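Using the hints, build the complex out of the two chains.
If you're matching them up, the sequences are chains P and B in order.
Once you know that position 37 of the first sequence is 37 in full-length UniProt numbering, the rest is easy, because the numbers rise by one and skip nothing.
Once you know that position 267 of the second sequence is 267 in full-length UniProt numbering, the rest is easy, because the numbers rise by one and skip nothing.
Fair warning: there could be bad hints in the mix.
Unchecked claim - In silico negatives: residues of chain B with every beta carbon more than 12 Å from chain P: (1) F362; (2) L500; (3) W574.
Stated by the list, open to error - Over the 10 Å line for every Cβ pair with chain B, so calculated as not near, a few chain P residues: (4) L7; (5) N9; (6) V80; (7) I82; (8) D86; (9) T208.
Claimed, not checked - Cβ-Cβ distance ranges computed for the label pairs, FRET-style: (10) A313/B x Q173/P: 33 to 39 Å; (11) A300/B x A196/P: 31 to 37 Å; (12) S311/B x A196/P: 38 to 44 Å.
Since the hints were made in silico from the structure, they are not lab data.
Small disclaimer: the values here were computed from a predicted structure and weren't measured.
Every residue, glycine too, gets a C-beta built ideally from N, C-alpha and C.
Here is how the chains run, residue by residue.
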Amino acid sequence: MNKGLFLRNVEISNGAQPLLTLSHDIAPGEVLTIMGPSGVGKSTLLAYITGTLSADFAASGRIVLDGHDITHAPAHKRHVGILFQDDLLFPHLSVGANLAFGLAPGGTREERRKKIAEALAEVDLAGFEDRDPATLSGGQKARVALMRMLLSEPCALLLDEPFSRLDTALRAQVRDLVFARAKARSLPVLMVTHDAEDARAAGGKVITLEVQS
Amino acid sequence: MIGQHVTVLRNKRDLGTLIHTRRPILPLLPALTLLFMLGPVVAGIWGTLLPAFGHLPAAGLTGPSLEPFRALFDWPGLPRAALLSVTTGIGATVVSLAVVTLLLAGWSGTRQFRVLERLLSPLLSVPHAAAAFGLAFLIAPSGWIARLLSPVMTGWDRPPDLLIVQDPLGLTMMVGLIIKEIPFLILISIAALGQAQAQNSVTIAQALGYGRVTGWLKTVFPRVYAQIRPPVYVVLAYSMSVVDVAVILGPNTPPTLSVQIVKWMSDPDLSMRLLAAAGAIMQLALVVGALAFWRLGEIAVAHFGRRWIASGARGKCDPIIAQVALFSGGASVLAVLFGLVVLAIWSVAGYWSFPDAFPDGFTSRNWTRHGPGAFAALGETGFIAVVVAISALVLTIGCLEAEYRHGLRVTQRAVWLLYLPLLVPQTAFLPGLQTLMLGIGAEVGRIPVMLAHLVFVLPYVFLSLSDPFRAWDTRTGTVAAALGASPDGVLWRVRLPMLLRPILTALAVGLAVSVGQYLPTLLIGGGRVATLTTEAIALASGGDRRAIGVYGLMQTGAALLPFAMALLVPTLVWRNRRGLRHE
Chain P
1 MNKGLFLRNV EISNGAQPLL TLSHDIAPGE VLTIMGPSGV GKSTLLAYIT
51 GTLSADFAAS GRIVLDGHDI THAPAHKRHV GILFQDDLLF PHLSVGANLA
101 FGLAPGGTRE ERRKKIAEAL AEVDLAGFED RDPATLSGGQ KARVALMRML
151 LSEPCALLLD EPFSRLDTAL RAQVRDLVFA RAKARSLPVL MVTHDAEDAR
201 AAGGKVITLE VQS
Chain B
1 MIGQHVTVLR NKRDLGTLIH TRRPILPLLP ALTLLFMLGP VVAGIWGTLL
51 PAFGHLPAAG LTGPSLEPFR ALFDWPGLPR AALLSVTTGI GATVVSLAVV
101 TLLLAGWSGT RQFRVLERLL SPLLSVPHAA AAFGLAFLIA PSGWIARLLS
151 PVMTGWDRPP DLLIVQDPLG LTMMVGLIIK EIPFLILISI AALGQAQAQN
201 SVTIAQALGY GRVTGWLKTV FPRVYAQIRP PVYVVLAYSM SVVDVAVILG
251 PNTPPTLSVQ IVKWMSDPDL SMRLLAAAGA IMQLALVVGA LAFWRLGEIA
301 VAHFGRRWIA SGARGKCDPI IAQVALFSGG ASVLAVLFGL VVLAIWSVAG
351 YWSFPDAFPD GFTSRNWTRH GPGAFAALGE TGFIAVVVAI SALVLTIGCL
401 EAEYRHGLRV TQRAVWLLYL PLLVPQTAFL PGLQTLMLGI GAEVGRIPVM
451 LAHLVFVLPY VFLSLSDPFR AWDTRTGTVA AALGASPDGV LWRVRLPMLL
501 RPILTALAVG LAVSVGQYLP TLLIGGGRVA TLTTEAIALA SGGDRRAIGV
551 YGLMQTGAAL LPFAMALLVP TLVWRNRRGL RHE
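Just chain B, same shape as in the assembly (with noise of 0.2 Å):
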């Protein structure tokens, strides 16, 4: 590129074409993109560094001093809170990255995976927090199966007195992270596996003896995995750090670290924001250990991988662990679907008592009663996601097109820039940023909220849209610019048409993130910015159920519709075009 441009710049007389043709905006793009992704994590966690050790002009408290952490390390439920973040971490971790990968192995290819493969999308979509409360509704010991099983099989007459919902161990919250886990999972490892040939390698394992899942696991699931990294480390840092599930269904006494963390930013005593960001500080050196650990961890599986691969062992539970893994892919799938159901059940529900399997009746009163509120949330929700999401497949779409036009590389270590705002977990940086915001006076409310969503959604975006976007044949760009088309006219009159559906997608799947942001919301808009999810949660301490139901409800449709939409539309605008018709 700079060698043409040199060139160009030789032969004077073709200066004028070249100033004619530049694009100013175009090659700023990538800069001004990284610089809305990183910008407010880097800024954040400057604002979190700075109270954390003890400056905080604000409170009149100026630093450093190591005050913070004193404190921090004071609190009597440190030790617990920071336990139940690494195992809830890496528990959900580990379990949903092995569903998935025994999955892959011991059926993708198969009818029964491509039944599961088609329900990914809607359930990828389904917001954390309304996946939450369906679980909750199902498995609580007044929950719907307990319901469904009382008192014939469980001779129950009343809810049993059982902790399950909010267990002090935490694993009620590491399954409702694994359900919203899994699907995430399977269709980024479908997207890795496209590229692997992994059918061949298979066929040939099975035709040297081995099993289905050994020959998996052995041949095809090393080349997966590389390329499935970065996400695990963001489902790993997520899962960690995650307020949202954790406030419906984590343990209280004491709660994970990071919901402690937003419990202090939300204590009116200015001073409690130290210890608040000493928490933050804290988080981030537990994320930044656990990845170092699942590092380490990685190492020793490929080498125990590679001494088992030389040992040839074909491989002989290979049907009992596929099984296995079918059942706990489909429970999963379940949880979701059944936990939206009894939402939609609880938000029409009128009287309906213990071991009753349904409500006496059904009433329109909870949406009369709720609906307002909701509908006022899902007007907030979709403004904030709509301009969110619009930004950020512009930038998006720029971005790729300043990549092709001129002929940049896209290096892996760009790759993990991208995944970076999803790796710095969200209680590190979002406390700093509120912090300097209140510092340099700016207002909160919806402009900054809208900013801080642009942090989660843009990464999302990026990786929905780069894939199909990069795939297009370039010849066809350049057939239209020999048919005279300028390089604005292929990509509007060529490219982007011919991108449709993909375009789509991937706005749908920023709309659902911007639906789904809870902690962003909460702290970057000071409590002002009402939207469902924020809504949604704040009823979760009080145990109405069919509020939550209504709520919950329309969390998952304002997310769930722009991905009915993002099928529907092409299949309209292009029902007599073949060529783009299926996918």
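Bound conformation, chain P alone (with noise of 0.2 Å):
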């Protein structure tokens, strides 16, 4: 079986007006990095991949992960995780019941308690199970972000400018986080963001999109 991510002829058109085209392949544990200015359609390409493509857009070409045609799966049966640049978390569950939410299914109640007292002590928030997810800080809200995706164990990793809501201290050592944990479970990585700086210590391959006319 083919491990990672695989683009294969993919056209996005917004109407009459073509977006973009790729045609890539990722491979577990690597990072591609789109970018462009906005408007040239990289968060709609995330969404042709986690299958929540807007009805304005067109899009055709094959998604492939490990070796599954996903290309007209549910969105909830993708296994594509992805992070926003903004938390997204459950305002109305606990730190714990969000990480619950993403914990895939399975195990007793004490082995979910366990594994999600892990998850937080690997991202230095031991003891967080019980907060609520408002009171936490910028950094410490995109780790609880990065853990549920990664509990929900993900076969792949989508990244929509997930840093550029973070001040620059706090932005270096949150991406190092998320590329390392992507690194350590083998996961293709497919980013779009506007920053260089985040390409360049992503480490993969560039691609830049130019605006089509």
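Written as structure tokens, this is what we have:
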């Protein structure tokens, strides 16, 4: 089985207006960075991969993840994790419940609790289970969002300008954490950004999209 | 969407997934909702048209004939009744729109305005009938104001012989409508203001030397009005054809056309229904005509408004206009609040002779006498309201969720469809609906009343919930789906809990609308469904102020309590969730 995230002849258009075309294979543990000005369709590409493309856009081409064609799979069966620039923690759930939401089903109550505790400890947030996410700092929220996503055991990771809301000091720290965790789990990563620093830190191939006319 | 489905179907292997994830009910909900909302309106108009042209098999009459219209035009009260509908309707709409516009122009964003804003939701939920009774108890010759001022300031020892309530020009009725329409128009204008970036425009206009009011009128008003047009039309159509307020505050000889239609409908002589139907068609024509007239007025105002803008006039009387607007707005708020206070006093009043400001003593006797009946009516009111409001909420959430999942787009025309049941006068289609039901032998009673309530409750619940539902960050849904939550899981586990507050508010709106319904309950219930509203209005002619006080208070409470719950419950449930608190 071919591990990795393969994008085959992906073409996205906004009505009659073509937005982007892309064909690329991302191997496990590798990061592909896509750069370009806003409006070029970077986030739209991610929506196509997560299965949440708006009806305003038309897309063709295949998305293959670890040998499975997920092009037409429903969003919740794709095993594609995503992080946005906002943490998007569920405000009605505690930190622990947010992680439990992500944690793949199965296991006894005790085992699940242990996994969540370990996940929190992994990002220096041990004992944060009962906290209200709204009371966390920006960096803490970003770390909870990362662990929530990883606990769902995704087969690939998408990053939609995930560090742009963090201040400079925090930014490098969270960025290193995300890439390190993704590498440790051998996840193929697709990141869209317009920050050259993010692209450099990712260390992988960089594709720059131009506005098509 | 269609494109996506075609690709899916082309790929045979995915066909299984498609069938597996298909939700057969959800895509049907928008159509079902429209049916519930518009079906009775269309059927009712049809059921009105037939007898209006002399076709009423139940009375042994077959048309078509113009006899009902001939009889209508022979009724000597017609010119006056029709004129009253037009003058009170247009008058109430013009005045409430003017007060609201100038109030927003002069005060939006200020401290005074925020005080007013906080009072809006409770004010809005006070049923029209309770507000009208309260007003009558305030300003009648023997009302509270006269009592407070007498005899020291007026010299009156007995109530003066003045016809204030039920005056022949319908002025008091107009005031009764205005005090209820002002909070409604302010609330929807505030929602429209949010999208208009009003503050920036006013700041720039003021920097150019314009007064606050003039600057607002010239820069913000055109944008706000474009958004609040449908509800303004609703206010006009409603004010022209209202029945409950007209029964309480409107003139008697003759009454407004709508009240007369209801009188004809309740006549034991079946042939009077033909007259009622002809009157209903006339009422519909009057409303359509008034809406057309209003549209012409809009064009004229736009024309002169453009000239006024081009003239560069900076506005000299702004402070005076702002003060007048604040006074009018404040007076209308106080009229509702003190109306409720005087209702409360009457409900516990012992002997209360004229110029005394307060009764001799307070007693629980009124409540022991009228309480049991009022509580029975409360049970009926509550049962109907809960079933209707929950049904409306479920349909609304289904529609909005279908729109989200299937990427449907809502056009301006669809928004007008929502307002349609509120634009067609109740007196134009409810009599027809009743006649139609009698014709097919359907039983009048509670379930038809619920269906009739749903027609009016659905639009308000939808309008209340649609903005917050659509404003929900859909990336939250993307994240939840990426974590493996199914579309239903996202809805139940993430979206609905996050939207608890607006959902409960929409439910409260639905309950309040249902509690306040008079005509659908009366006509479709065939007089056999007794709610607080029908019982309270039945008391209007008797003039027993203590009984009216009891029923009016209960009616207000039934409408107000859900709003209090909608505020309290999310605060308790989410007390440890700062991200969901405020608002």
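* Could you tell me which of the numbered hints above are not met by this structure, giving the numbers in increasing order? => 2, 3, 6, 7, 8, 10, 11 and 12
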